[in-house]
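Trainee: Line by line, the protein sequences give chains P and V.
Just so you know, we're using this note's numbering here: the first sequence kicks off at 1 and counts up by one.
Just so you know, we're using this note's numbering here: the second sequence kicks off at 1 and counts up by one.
Hints were generated in silico from the structure; no laboratory data involved.
Nothing here was measured: the structure is a model prediction, and the numbers come from that model.
Misleading hints may appear alongside valid ones.
Said to hold, decoys possible - To spell it out: a stretch of chain V is covered by chain P in this simulated footprint if at least three of its residues, at any positions, have a beta carbon under 8 Å from a beta carbon of chain P; those stretches are:
1. 154-164
2. 183-192
3. 249-261
Claimed, not checked - What follows is a set of in silico ranges between Cβ atoms, one per label pair, in the way DEER data are often shown:
4. P:Pro15 / V:Thr183: 44 to 52 Å
5. P:Asp47 / V:Leu79: 48 to 56 Å
6. V:Tyr62 / P:Ala83: 50 to 58 Å
7. P:Asp82 / V:Ala75: 52 to 60 Å
8. P:Asp54 / V:Arg89: 50 to 58 Å
9. V:Ser123 / P:Val71: 48 to 56 Å
No residue lacks a Cβ here, since even glycine has one placed at the ideal position from N, Cα and C.
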Amino acid sequence: MGPSEIDFSERDGLPVVHWKLFADLRERAGAETVAVGDPRTVGEALDVLLAEHDALRERVLDADGDVVADVNVLKNGANVFDAGDGLDEPVGEGDELALFPPVSGG
Amino acid sequence: MQVVSVVGASNSGKTTVVEALAERLAERGRVGTVKHLTHAPDVDTDGKDTARHRAAGASETYGLVDDGDWFATGADATLADVLDRLAPRHDYVVVEGYSGSTLPKIALGDRDVADPVLERADSPDALDVDAVVDAIDALEPHHTLSSLVADVESSPRADRAGAIATFTGRVRAKDDPEDVETTHLEFEKYDGVADQRMAAIREALEGREGVLDVRLHHRTGVVDAGEDIVFVVVLAGHRREAFRAVEDGIDRLKDEVPLFKKEVTVDDEFWRHDRP
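Make a model of the complete structure from these sequences and hints.
Mentor: In structure tokens form, the structure reads like this:
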């Protein structure tokens with residue numbers, strides 16, 4: 001098991017957003033939560049996250065660098081592709097981002 | 001129902017803490033307590049009528065007086081059985097002992113106890129009871145089908161209800177007799193977002209004509225084969241809208257709520273979404 005939290009927000013005082021990771025995506029990253037410093041968009045925050053986690057990048061992006069269909073990207077509980085501007089969706093201090101596979105409750 | 005256990009070595013002050021919590025929690029709701037015993041109960045000693053009932057083969061025996069006071073003894077109950085029995089009529093249960101259980105714990109002294117530990121203190125005096133009560137209220141509640149049914153039965157709209165319909169999802173050991181046996185499932189939940197989405201589904205169903213009250217509950221963590229996972233309970237005027245709301249409720253929950261299931265069989269483990 002890896003650490004439960006990894007902090008990439010290197011410089012103090014910059015806006016920080018947090019990724020929450022679930023199921024096999026959490027296992028691939030070896031972390032439940034990853035902090036990212038000063039991204040302007042969901043896409044930038046995703047780039048920082050995936051740059052540090054090869055196994056996660058293989059799972060999340062296809063050969064063209066697009067997010068695969070069975071990975072959900074959320075900002076503050078809403079899917080950014082359904083309810084926002086996709087990876088261009090702006091992010092700021094305190095926003096919570098999430099990556100998860102198809103849901104499988106019940 | 002919120003459940004907590006108080007654990008620690010003997011003479012560490014467990015009973016004092018149970019008393020303090022029971023007193024405080026009783027101001028907020030009905031409180032049950034359970035005590036782990038290392039010896040057989042001596043409430044119905046040899047020769048008493050109730051002891052003779054048991055000796056003759058009764059599996060449970062109640063001693064009941066006219067003002068409603070009672071005691072009971074019986075055989076073959078587990079802690080899980082007792083919690084399930086208490087759930088329909090209690091808001092809180094405080095368990096004394098069972099340091100190896102998976103229940104959230106208040107630990108006294110430095111004895112090793114199984115996770116999760118809610119609060120640890122050297123002595124009863126060192127515990128902040130207000131903080132502990134707040135932490136107990138924030139725990140995942142223990143629900144059963146019976147407790148959720150009891151909940152909607154006491155709805156302020158129950159006088160218009162002619163139907164209660166329910167769905168229970170449980171852990172299936174096998175799909176087919178030839179299948180490798182599933183021993184348990186492990187559920188992970190996106191806290192907060194899952195609760196918001198369940199609340200939205202409940203609100204949508206309760207907005208329907210004839211639907212009076214709805215409960216949705218999904219367990220998390222390890223759920224063993226044969227155990228219940230998820231419940232949908234609908235109180236409605238008539239059976240049609242009750243059945244429809246139950247079906248739509250469980251379908252929406254499975255589609256929309258961020259819960260993730262790892263399946264563990266006797267020889268493998270895998271995320272369920274990887275094997276649709």
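Trainee: Against the structure shown, which of the earlier numbered hints fail to hold, in ascending order?
Mentor: Those not satisfied come down to hint 1.
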